[in-house]
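Enquirer: Here's the letter readout for the chains.
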Amino acid sequence: MTGPRQLDGSRRLEDFLAFSAEATAFTVFELRGTGQSQAYLNTCDGIVGTEVTDCLLDRYDAARSAVVASESTLPELLRRDILSDPQLGPVARNIAKMWFVGVWYELPRAWTEAFGAREGNATFVVSTQSYTEGLLWPAIGANPPGAKAPGFGSWAHPPRIPVFP
Amino acid sequence: MTTSHHLNGDSMPAITTLDELYAYLDSAMQLEHATIPPYLTALYSIRPGTNSDAYHVLRVTVVEEMLHLTLVANLLNAVGGTPDLTVAGFVPDYPAYLPDGERDFQVSCARFSRESLGTFLEIERPRQAPDEQSRLIDRGPARRGRLGSAPGNNQLQYYSIGEFYQEISRGLHYLHDLLGDALFCGDPTRQVGSEYFYSGGGAIVPVSDLRSAEAAIDLICEQGEGFGGGIFDSEGELAHYYRFQQLVLGRYYQERDSRDHPSGPHIEVDWDAAYPIKQNAHLADYPADSEVAAAAIAFNTSYAGFLDLLTRAYGGRPELLLDAVTEMFRLRDQMTRLIHNPIPGLDGVNAAPTFEVSVHLAGVAS
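One line per chain: the protein sequences are X and H, in this order.
Just so you know, we're using this note's numbering here: the first sequence kicks off at 1 and counts up by one.
Just so you know, we're using this note's numbering here: the second sequence kicks off at 1 and counts up by one.
Misleading hints may appear alongside valid ones.
Within a straight-line C-alpha distance of at most 20 Å, the following computed EDC-like cross-link-like pairs (lysine to aspartate or glutamate) qualify [said to hold, decoys possible]:
(1) Lys148(X) <-> Asp81(X)
(2) Lys278(H) <-> Asp289(H)
(3) Lys97(X) <-> Glu22(X)
(4) Lys148(X) <-> Asp308(H)
(5) Lys148(X) <-> Asp93(H)
(6) Lys148(X) <-> Glu327(H)
(7) Lys97(X) <-> Asp54(X)
(8) Lys148(X) <-> Asp289(H)
(9) Lys97(X) <-> Glu14(X)
(10) Lys278(H) <-> Glu30(X)
(11) Lys97(X) <-> Asp85(X)
(12) Lys278(H) <-> Glu327(H)
(13) Lys97(X) <-> Asp81(X)
(14) Lys278(H) <-> Asp257(H)
(15) Lys148(X) <-> Glu51(X)
Note that these hints are calculated values from the structure, not bench results.
Quick caveat, the model's predicted, so the values are computed rather than measured.
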């Protein structure tokens, strides 16, 4: 599976978005809407390497196929096959966090001890836009402080929180 | 606008009754609004974090168009009319057709590019008809989306937006000569003042007499085209035409520059750093069950609600403009989400808001 995925950048981005939608409870449309998709995939690739990212995306593909014939739900399969995996779990959690707050968090020491230190694996804000585009803000119906001004007096109105499926 | 506002020559003004004045001002509101979707589409197609100069030039300009819309609402209210942004056909089905001298030209909702900047230059270009006879031009059969035409006769379009406003100005003078100050019989509480219109690209002018009416029209025309043939308006702000021209020429104007020759700092424009959106997108371009279609319908519903909110604000509740600002930011977020998303099945073509406010219910049904 890694072969074709590496050859086709847009397919790879789509798989990354499909997994991210599962991990964040936002839709692919909303994820693309942030304009950060490629930046986050690049960040993940840049830190853990494309092989680890592809392994995660393959595992997600496999779970999606398996769920049809399985008694488990997709979230159960993902918890078992990805989130509980010592290598993929922390990476998956980092991807979810990246979408919500726009920050790549330094991977835990247990991870680097087991799978090797990675260059650039420190906590950093992905881009100047990633903070304002964090899913955290729509999730709580707020604007990012200091950015995306919502208009004078708008704070007098109740927040509009999106409905999650 | 550089010519005298008073009656020229012997010809009768096109506006000789209050109803004709209302029709012209209705058209003026439509015209001012019609530039906003193309400007916003180009603005939000710019990739985040790029083209900050171009982004700010476009943003300031579109905010001034919102000021113009409000100025025309003040004019219409001042003479006892009723601004209504919810009438069928208020939002054109893009491309729209605007006048540019001897010909008209298409205005599209399109991505930021050299081509769209070229169109924006045409929208704002200062043009004065060479003689009295060429002020109204027969553009042939009536067509949808033609703006700046004589109300009631879509075939006849004014030579330029400046000439269109010149006609309104003539009409105001004619009716004022006829009716005196009774012309300005509108309820003053319907005027939008600076307490409800702030940071909006210049000072809002409440209209209560001929002088303030002229000031409102002058501000609209000068912000677009410049004052007295110069590149700045009478408040010293660069006119829209020259602001856009800076992006094409790659340099800022500075004080004492002459037209077409900016000598200020260089501007970096990355023409490729814009999302490749579908030009003049319509709901029919999106697969029926796609998220893009749902989001485009949701945007159109929001936009229709927004125009309704503006209508209520201009209809005696100016304090609603504060809520309208909040709504504008939500509309911005809805627009950018659409523009960042590809249209399923179309390789490398992104979605865009369609501004089909009159058909959004039909869209839901399909």
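Enquirer: Please go over all the hints and tell whether each is borne out by the structure.
Expert: Going down the list of hints, with the structure as the test:
1. Under the criterion of a C-alpha separation no larger than 20 Å, the hint pairing Lys148(X) with Asp81(X) is inconsistent with the structure, at around 38 Å.
2. Distance hint between Lys278(H) and Asp289(H) is fulfilled; the C-alpha atoms sit about 18 Å from each other, no more than 20 Å.
3. Proximity of Lys97(X) to Glu22(X) is assessed by CA-CA distance (about 13 Å); at most 20 Å being required, the pair is judged to hold.
4. Distance check on the hinted pair: Lys148(X) and Asp308(H) sit about 24 Å apart at the alpha-carbon level, beyond 20 Å; violated.
5. Taking the CA atoms of Lys148(X) and Asp93(H), the gap is near 30 Å; set against the 20 Å cutoff, the hint is violated.
6. Distance restraint check for Lys148(X) and Glu327(H): the Cα-Cα separation of roughly 13 Å lies within the 20 Å cut-off, and the hinted pair is therefore satisfied.
7. The straight-line distance between the Cα atoms of Lys97(X) and Asp54(X) is roughly 19 Å, inside the 20 Å bound, and the hint therefore holds.
8. About 30 Å separates the Cα atoms of Lys148(X) and Asp289(H), which puts this hinted pair outside 20 Å; it is violated.
9. Of the supplied pair hints, the one linking Lys97(X) and Glu14(X) holds, its CA atoms being roughly 19 Å apart against a limit of 20 Å.
10. About 19 Å separates the Cα atoms of Lys278(H) and Glu30(X), which keeps this hinted pair within 20 Å; it holds.
11. A distance of roughly 17 Å separates the Cα atoms of Lys97(X) and Asp85(X); the hinted pair therefore holds under the 20 Å criterion.
12. Note on Lys278(H) and Glu327(H): the hinted pairing is violated, with a Cα-Cα distance of about 25 Å set against a maximum of 20 Å.
13. A C-alpha spacing of about 19 Å is found between Lys97(X) and Asp81(X), which places the hinted pair at or below 20 Å, so the restraint holds.
14. With a C-alpha separation of about 38 Å, the suggested pairing of Lys278(H) with Asp257(H) is violated against the 20 Å cut-off.
15. Taken as a hint, the Lys148(X) and Glu51(X) pair is broken in the structure, with Cα atoms around 36 Å apart against an allowance of 20 Å.
The structure fails to meet hints 1, 4, 5, 8, 12, 14 and 15 from the earlier list, while all remaining hints are met.
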